[in-house]
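So the sequence lines, in the order shown, correspond to chains F and E.
For what it's worth, my numbering labels the leading residue of the first sequence as 1, then goes sequentially.
For what it's worth, my numbering labels the leading residue of the second sequence as 337, then goes sequentially.
Don't read these hints as lab results, they were simulated from the structure.
Please note: incorrect hints may appear among the correct ones.
Said to hold, decoys possible - Only pairs whose alpha carbons sit at most 25 Å apart, straight line, appear in this in silico DSS-like list of lysine-lysine:
no., chain 1, residue 1, chain 2, residue 2
1, E, LYS536, E, LYS548
2, E, LYS513, E, LYS574
3, E, LYS371, E, LYS358
4, F, LYS111, E, LYS426
5, F, LYS111, E, LYS358
6, F, LYS111, E, LYS343
7, F, LYS90, E, LYS447
Number of protein chains: 2
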Amino acid sequence: MSNTTIKILAKELNLSVATVSKALRDSHEISTETKQKVLALAEKMNYVANPYASSLRKRRSNTIAVVLPEVADSFFSQAINGIESVAQDKGYHVLIYLTHESFTREEAILKEFQSGRVDGILLSVSGETSHSEHIKKVIASGIPIVFFDRVCEDVETAKVITDDFDCGHKAATHLLKQGCERIAFLSVSSYLSISNHRMKGYEKALEDHQLKLNKDDILFCGNDIDENYWIIKNALNKETRPDGIIASVEKFTASIYLACNDLNLSIPGDIKVISFTNLQTALILNPPLTTVTQPAFEMGKTAATVLFKALGKNNSILKNETVIIPSILNIRYSSS
Amino acid sequence: MSNTTIKILAKELNLSVATVSKALRDSHEISTETKQKVLALAEKMNYVANPYASSLRKRRSNTIAVVLPEVADSFFSQAINGIESVAQDKGYHVLIYLTHESFTREEAILKEFQSGRVDGILLSVSGETSHSEHIKKVIASGIPIVFFDRVCEDVETAKVITDDFDCGHKAATHLLKQGCERIAFLSVSSYLSISNHRMKGYEKALEDHQLKLNKDDILFCGNDIDENYWIIKNALNKETRPDGIIASVEKFTASIYLACNDLNLSIPGDIKVISFTNLQTALILNPPLTTVTQPAFEMGKTAATVLFKALGKNNSILKNETVIIPSILNIRYSSS
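Modelling step: build the complete structure from the supplied sequences, incorporating the hints.
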């Protein structure tokens, strides 16, 4: 970092440290002439204010944290783009923390924030997060949190989500109308808001069609690609197998296609497939994939905008409000 | 943030601020008994050290920056995972900055670092970066930079790359052996190290096969998906069109498949395709895609390891060394 300090500038100019500091902050107590002299030397000597000294003075770090389960997922990477587009405008820095779906990791990350490293937090919880004490503690310490996508409903703060129930309902209804009689639902966790709402929508669609929910048709998959492949393959290899499948998150898509391929099941002939994903490659898959496409960029942007509005007002307690941005069902060949 | 300060702890315990501060830092000057008293109260009152005060004292921020063109790309998202796995271990925080391939943005981001916000930087330059003055200035200010993937060769520091020339050569040689006589090469920028090395490998393969390079077969694509689609479609719609195509970055893949589809060109019958990509969906595309798969996670991990080694030694000037981690050509149906 540049070694020029206010002290050095003051000595060179034969001024007091206080005068130089005020001149750099454009204080009305300092004459225009002095300000110009100080700024000229600061420029010449490549003086840059230490951001941490300035953070301490203002009790502001100009930094927000984004805590999310993973980055190698089109929803989250597009959401980061949305967040970053707002942060960039506001002159804020963005710290990224990945929980890799681990509650312990999420807890450890959040604990650190109580120290004031960041001014606010955008959070999408891990698949293991079954309670929210660690989150409430951070909010109580005066740091605002906005949830996006995966929320804890019992935490009173701002939340930006998509219409998960409706999407689960729409996806299942579409498959039922296409003739499916038994639809499997791939969930990432029994705790997660998004999994549960999407699943409830799916269950309601079955009910609307006078179909009974078969508990075996709810499959829980995880982070391990190979394991997911086997869970799906086993379910599709049974005598009475599903004829439709809804993947509630993107990462199960490849495993479904590969399992069908290896079992010689044709998509959509033997089994119709829908995934929640924003993958650009959905339409060049074999066959093109029917997707629930989430407004990822918009959700990230909106969550960041809500957070910055609170930071601008020095308002650490956010209203308990939920913004819902709808997703779109893009019907393609995999469900036809 | 927690409002308990060292001052408050000192007052409660009737000790000097210096004593409490030393006790919290486990100084040998303080008795075990006093330390225990201080720690017990700190715990009870939820005292957390202000990270910025500590940064100022130590002139360390425990933060690194990762500056990269985009996050919605499987190479970069996997590289971030690799970086984060090391940073997490070292107790470091990771700031992410996206240039969106803009030089102006990269320059503005790097300029801020001269203030000491971060201890070190991992950098993959934008497609517009044609010189490196802004990078050299940051290094001169005492902040170490490690390049990964996209490097500036004239900057003397550590670089972690893959075998770009060999991969371009391997990809083109494979297509030539499969019978291609005219191969188009999709580049992202004429400045980028990766594009140029991959292209030189491709040119060398043509030369090895006594084929003349046709300048029209080098296509420059950008960030805009629609525009890329038209560039590719126009090239494939000419009377004398290429019968092979190499995409030097992932984002061109969908446009190639869609253009071929819309022109009724079969892959691989009419045109054989290879992309540089780590997409999990490569093998379920229609047809499955031949890829050059880069060691993205490993490259991120190695770059971070090199940087942390330097930070551990308080060594801001990194040796001008290049680590090369090879990529793999995965041959699938799109080039058969």
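Cross-check of the supplied hints:
1. E/LYS536 <-> E/LYS548: Holds: E/LYS536 and E/LYS548 sit about 13 Å apart, inside 25 Å.
2. E/LYS513 <-> E/LYS574: holds, 24 Å
3. E/LYS371 <-> E/LYS358: Within the cut-off at roughly 9 Å; holds.
4. F/LYS111 <-> E/LYS426: holds, 17 Å
5. F/LYS111 <-> E/LYS358: holds, 23 Å
6. F/LYS111 <-> E/LYS343: Given pair F/LYS111, E/LYS343 holds - Cα atoms ~22 Å apart, limit 25 Å.
7. F/LYS90 <-> E/LYS447: Cα-Cα ~17 Å, so holds.
Consistency with the previously given hints is maintained throughout, with no hint failing.
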